[in-house]
Amino acid sequence: MSSSIDAVIVTSHSDNLALSVNGISWHVDDAAILADISFALHKKQMLGVIGPNGAGKSSLLRCLYRYITPTHGQIRLFDQDINQFSAKAFATQVAVVQQDTLQFFDMNTSQLVAMGLTPHKGMFDGHTTADNQLINDAIQKVGLTDKAFLQYSQLSGGEKQRALIARAIVQRPKLLILDEPTNHLDIRYQIQILELVKSLGITVIASIHDLNLASAMCDTLVLLNKGQLVAQGTPSAVLTEAQIGEVFEVCCEVKPHPQHAKPLVNYFYGYMSQPLPHSPYKPSPKAEQHSSLCDIEVQS
Amino acid sequence: MSPVKDQYRYRLFLCFLALFATLSPIAAASFGAANISFNDVLQALMQHLPWQESAQSSGITERIVFELRFPRIVLAFIAGAGLALAGSVLQTVTRNPLADPYLFGISSGASFGAVLVFSFLSSGLFDQIQVTAMSSGRLDWWSWQNLLLPVGAFAGACLSVLLVLSLSGLGRSSQVERMLLSGVATSFLFGALTSLLLYFSNPQATASVLFWSLGSFAKANWVGVILPSVIVLGSLAVIVVFKRQIVALQAGDETAHTLGVNVAKLRLNMLLLCSLITAVLVASCGGIGFVGLMIPHCVRLLFPGRQPMIVTAIVGGLFMVWIDVVARCVLGNQELPVGIITAAIGSVFFLFILRHRR
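Protein chains in written order, with UniProt numbering: chain A, 1 to 300; chain B, 1 to 358.
No wet-lab data here; the hints were simulated from the structure. Treat the numbers as computed from the prediction; the structure is a model and nothing was measured. Quick reminder that beta carbons are idealized off the backbone N, C-alpha and C, glycines included. Any given hint might turn out to be false.
[As the list claims (entries may be wrong)] Derived lysine-lysine pairs resembling DSS-like cross-links, with alpha carbons at most 25 Å apart:
id : chain 1 : residue 1 : chain 2 : residue 2
1  : A       : K121      : A       : K141
2  : A       : K121      : B       : K265
3  : A       : K198      : A       : K262
4  : A       : K198      : A       : K174
5  : A       : K262      : A       : K44
6  : A       : K88       : B       : K265
7  : A       : K141      : A       : K174
8  : A       : K121      : B       : K243
9  : B       : K243      : A       : K88
10 : B       : K265      : B       : K243
11 : A       : K174      : A       : K43
12 : A       : K43       : A       : K88
13 : B       : K5        : A       : K147
14 : A       : K174      : A       : K88
15 : A       : K43       : A       : K198
[To be verified] Quick look at which bits of chain B chain A covers, simulated, 3 or more residues with Cβ under 8 Å:
id : segment
16 : 234-247
17 : 255-265
18 : 295-306
Please take these sequences and the hints and turn them into a complete structure.
Set out below in structure tokens:
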């Protein structure tokens, strides 16, 4: 079985591994939302989880931060089963920035960021000057110092996201999980947020919709489709024209990026001029021709 | 608002609150049917200080102050503090601004228990015991009723909490929704049973139940104050210890989970704690509405994001002490039930604050 092979690999490199996922599945009423997913992540690396809507990205991340319990399989964090951690101990190891957090909330930025202290505080621990320093540093790191006492609800989308990341910084995790952190952000903030996260020097797992952003920022990628793991590895191994065509059902051209030589995906457009295609696609080398951008092999 | 100004305002408020909390009991004790001035109270208090050899005690003024008014003020304070605290915690852990201490149908459960006691008493089932007790000279009908009533109310309140919990289950998924809905259902169930019993009972019992359900501190005594005080102060300590976790719950179940909070367990324990506070208070002074719902909102409107649990409790307590003063004084010869005044004054005050925060 593949899981036993994985186990061998895991033990041989385990001291360098932040996370290893061994054959996890999650079923809801006999429907498999996640099916037999295995991958491993080295310390201080950034893993991008990509895939179309409904591929199971959020479910996978929720398994990783124990909000849902997989039906089968095992997840090990720093060579320890994640179920063996207490709720509090786990929160000191893993911080999470969720996709959309609440709308109504009567806290200001500083108070929100201070919530990151929660798992580090015992029953009778108060708020110390060191805590304040930590909070102020985190707020400064995400560039919100001048908005520290503004209500959270008055922040813009990008600022909210950065405030949540500041909270995660205060939580001082060894693994940071972000569920679509770049959603609703303009391109400047998309890049800024991911570079900020990368600069923290900890292990990061982020689900990302933008393939080019994932390619540029992540050390490794995991490509999900319909709850299955389709591909994993470096961006150039995962982001191939064939795999993007098959999973996302669009055709594209992949070239090395002029700056960092990682894959750069150029999409082709004009799908409505033809009957809605079914996979597989083959991108045309003569894509610049204006009428037919994609050669579609219609299956008989 | 700038943080420094906010901090300054908060400190100023705390000083004012401390001063007000010190003076309130003495001032409140000088109101009532007997004509006792602020100075009289102060004098009585001075004579009762522990290092004073109280040779010339037991004057009528001192007896009124110490045996009638002070227990009453303490009970009012404890009741207001407990209800405000329970309301604040429940609103936070259920993330529902309309949550109040009677969320679990506690009030209707307690009413049902009380009505049940009244009905049994008036139906004559207990006549034999009553006669025995009365003939021994220790209990008359009224004190007999006063003894059984809190027991019945407490049992009814506990019954409603158990019913809500068994209806809603203990799991995390949609815990809040199921609890709120079960609470509403339980409220109506006990409300219906209470109405049924009242329909078949005599007018005297109906009037007693009505007066009781609107709340009163008139029967306060030092012995009766002990249990509510212990429960409310103990709960306050527990809540202050778990404040970080409670605040984290406000940010949503999933966020709280990622901050290391055991969501389902914490919420269940907090709900049980608030139920205990409420059940004890309902049993000792009836169902006083509004305080638990509105005091937390007032404090929150004044100091957004701070979640000051102790301040909420003190504000609730002081509010109740002065409401009770109004209850004693507004009609010359008769007391008004506290619940009527809390609702009337409280809602106007709340609208005032709401308007000025716009």
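Comparing the hints with the structure gives:
1. K121/A with K141/A: 23 Å, holds
2. K121/A with K265/B: Roughly 18 Å between the alpha carbons, so the hint for K121/A and K265/B holds.
3. K198/A with K262/A: 17 Å, holds
4. K198/A with K174/A: Holds, at about 13 Å.
5. K262/A with K44/A: Given that 25 Å is the threshold and the Cα spacing comes to 19 Å, the pair holds.
6. K88/A with K265/B: Roughly 13 Å separates the two Cα atoms, so the pair holds.
7. K141/A with K174/A: 17 Å, holds
8. K121/A with K243/B: The given pair, whose Cα atoms are some 11 Å apart, holds under the 25 Å limit.
9. K243/B with K88/A: 15 Å, holds
10. K265/B with K243/B: Measuring from Cα to Cα gives roughly 15 Å; hence the hint holds.
11. K174/A with K43/A: 9 Å, holds
12. K43/A with K88/A: Holds, because 22 Å separates the two Cα atoms, which is no more than 25 Å.
13. K5/B with K147/A: 16 Å, holds
14. K174/A with K88/A: It holds: about 14 Å lies between the C-alpha atoms, which stays within 25 Å.
15. K43/A with K198/A: 12 Å, holds
16. 234-247: Three-residue rule met by the segment 234-247 of chain B, so holds; n is 5.
17. 255-265: holds (count 7)
18. 295-306: With 4 residues in contact (Cβ-Cβ under 8 Å with chain A), the coverage given for the segment 295-306 of chain B holds.
Comparing the model with each numbered hint stated earlier shows that all of them hold.
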